[in-house]
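There are 2 protein chains.
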Amino acid sequence: MTTLEATAIDQVRIDRIRNAVRGADDFDALVLASPVNTWYAAQVVIQTQEALPERLALLVWPRDGDPVYVVCNLEELQARAEAWIPDIRTYFEFKESPMQIVADVLRERGLTSARLGIETNFLTSAYADELRSLLPDAIYVRCQSFMAQLRSVKTEFELSLLANAASATDRAIRRTFESVRVGQTERAIAVRLQTALLEEGADTVSFVVLAAGRNSVQTHPVPGGYRVQSGDVLRTDFGGNFTGGYHSDIARTMVIGKASAEQERAYHALWDVHQQLIVLFRPGTRVCDIYERARALNLAAGLSFNRPHVGHSLGIELHEPPMITPYSTETLEPNMVFAIEPNHLVPGVEKYHLEDLVLVTTDGPRILSNATAWRDLLVRG
Amino acid sequence: MTTLEATAIDQVRIDRIRNAVRGADDFDALVLASPVNTWYAAQVVIQTQEALPERLALLVWPRDGDPVYVVCNLEELQARAEAWIPDIRTYFEFKESPMQIVADVLRERGLTSARLGIETNFLTSAYADELRSLLPDAIYVRCQSFMAQLRSVKTEFELSLLANAASATDRAIRRTFESVRVGQTERAIAVRLQTALLEEGADTVSFVVLAAGRNSVQTHPVPGGYRVQSGDVLRTDFGGNFTGGYHSDIARTMVIGKASAEQERAYHALWDVHQQLIVLFRPGTRVCDIYERARALNLAAGLSFNRPHVGHSLGIELHEPPMITPYSTETLEPNMVFAIEPNHLVPGVEKYHLEDLVLVTTDGPRILSNATAWRDLLVRG
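Note that the protein sequences, when read in sequence, are chains E and V.
In case it helps, my numbering puts the first sequence at residues 280 to 660.
In case it helps, my numbering puts the second sequence at residues 280 to 660.
None of the hints are false.
Taking lysine to any residue pairs in the SDA-like style, the calculated list, with each CA pair at most 20 Å apart, reads: (1) V/K374 <-> E/T604; (2) V/K374 <-> E/H588; (3) V/K374 <-> E/R565; (4) E/K374 <-> V/N400; (5) V/K374 <-> E/C567; (6) E/K374 <-> V/S424; (7) E/K374 <-> V/P587; (8) V/K374 <-> E/N585; (9) E/K374 <-> V/R572; (10) E/K374 <-> V/F584; (11) V/K374 <-> E/P605; (12) E/K374 <-> V/P605; (13) E/K374 <-> V/T604; (14) V/K374 <-> E/E609; (15) E/K374 <-> V/D568; (16) V/K374 <-> E/Y606; (17) V/K374 <-> E/S607; (18) V/K374 <-> E/P587; (19) E/K374 <-> V/H588; (20) V/K537 <-> V/L656; (21) V/K374 <-> E/T608; (22) E/K374 <-> V/R565; (23) E/K374 <-> V/C567; (24) V/K374 <-> E/P600; (25) V/K374 <-> E/F584.
Beyond 10 Å from chain V on every Cβ pair, some chain E residues (computed): (26) R292; (27) D305; (28) D366; (29) G389; (30) L429; (31) S458; (32) K537; (33) T564; (34) E609.
These are computed hints drawn from the structure, not numbers from a lab.
Note that the Cβ used here is the ideal one computed from N, Cα and C, for glycine as well.
This is chain E alone, in the form it adopts within the complex:
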């Protein structure tokens, strides 16, 4: 998104946030600072919010009024070009603290003794203490669950971005896996994978897990100099950042050269588990029941199970609530999306992993990531 391109605005999202803020019981104003929530609300992706986390961009959203966007002066041109919010304030880094500007805005709005919703899971202890000392009469309450609940049900605009990101990522993996040959290094394969994702439209790559053979047993190995051999499992867990900051997150497993009967069996057993989990993504299912079902299915199929979660929602955040854990008592609603990711570890030998993006609709689950093309174990090289 640059000054020369039209930037589409998701008006449904703006209205939904405004209504939720107006109806909130436990705060008088939101003070958002995380990339996830400020990108979501202001609809501007400021790169440095991730690269330089202390250079905050903040959104102050009073219950009875319009939001104010606070950015570092270096980011002012981008903010003015892209944000739908007209009231933008800046701070001059090192000379001024972003919290001073936030406190000024809150004083201006008569909110010095108000209840302020802050992200206690993002705001650093230092910034939180600074805000408390600037506005000692305010009451500070955590707002991350409020925001996460809002974000968990996607707008049509968001769904189109997420579906595009998921299918682009699936295509990038497919192209790369089809061209794998014995003797290539994990590193070289990972370079091609990342290039393919950028060519498919990602703004940046957000993470790359790619490992073969025995390396694949680690959860998040960095691709290295190992040369893939016939009979190796090759596993990737991979995603990018796309327009609007929306993530993809897809896992695939193939075998190099020639697959053993045991590898075929393990892959198809995991594939069957995956299918049986996908059908659960219907309105009304409790999230924790998907976790318990995943455990039961893996164990019944003779597959390993030792994971704290078997998937998660995603959007601008890579792992968004609800996480698919034993403790997630939320109930699925239409327009929620989930990455469902069963896996199977053969200790010390290899690991299998599948991950697809599933949309909850009133008509049942809709897969957004071309899963069916991976029914058969891919063998190349």
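Fit chain V to the given chain E structure using the hints.
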């Protein structure tokens, strides 16, 4: 770094941290949680510490004893394969909090009423409050300046990683800029730039600023669909993550097709400022004096000046202290490294930016990033 590759350990770094911790006056144990400081101290790059910031990996380092490394159970195999620290504890995510394990370790070491050094500029308000409630008798002090000061003087091991990262990034930009042609989109050029960096050895791309013509006036624009035209300035500010988590950060400016006399003049004026700043990187120079000199030189040359900083140290952190601001009273020492980055904005028209990596040595500044190849304005297309 994977299980199948030898992982070199920087013993000088370990000894330096150990000595500094032993000699510390204001804490009895460090509790580190940021990617920067845990990667630095444990010498393990756990990808998910950045992708999933709530999944903490922590290092507890008592003044009188050996450190303990606390990781999510999903990352245990990597931690055991790569860390030089034998005492590794794990937590099972969602069921246990990492802070519970940290509190257990501190109890075990008899440090429940000790002074604990925490990173108040990283640890979230929620995690800090949890630790305080688990160990209410401890005294909490900020340790980020202690760690930043340690990290600011690089070991030979670190310098070789940083020099490699800088020259790889310079080569990637050179290759990409040489092949730019009129009519290519910023986006397509940025894809080639990122691919080139991965081919030159980066593990991942950490950020990509690339913009042409009028788009270049923003500080951190995302490359978009604009097609570069003859007479456009093309500007990049770009870096990757390399082995050990070490960053690169290089900025370059070229002109597409044909440069005007005014563009030639502006580029060479900025180049001259750059050279005059680089010679200041000698032991004994005060950091803030470099900032003031940059302001004076830019203004004397008829160039704009409106920046909160003109550079920064870097290492595992992209912007490490000392930042080159008016408020940085530190004095340069041998084996400090800095990205020095003068720029010049023609409002509403275009922006020029140069950034090189300079090592402070007793013999004077040593440029680690091939700056001399950019003395003449590059014109291609």
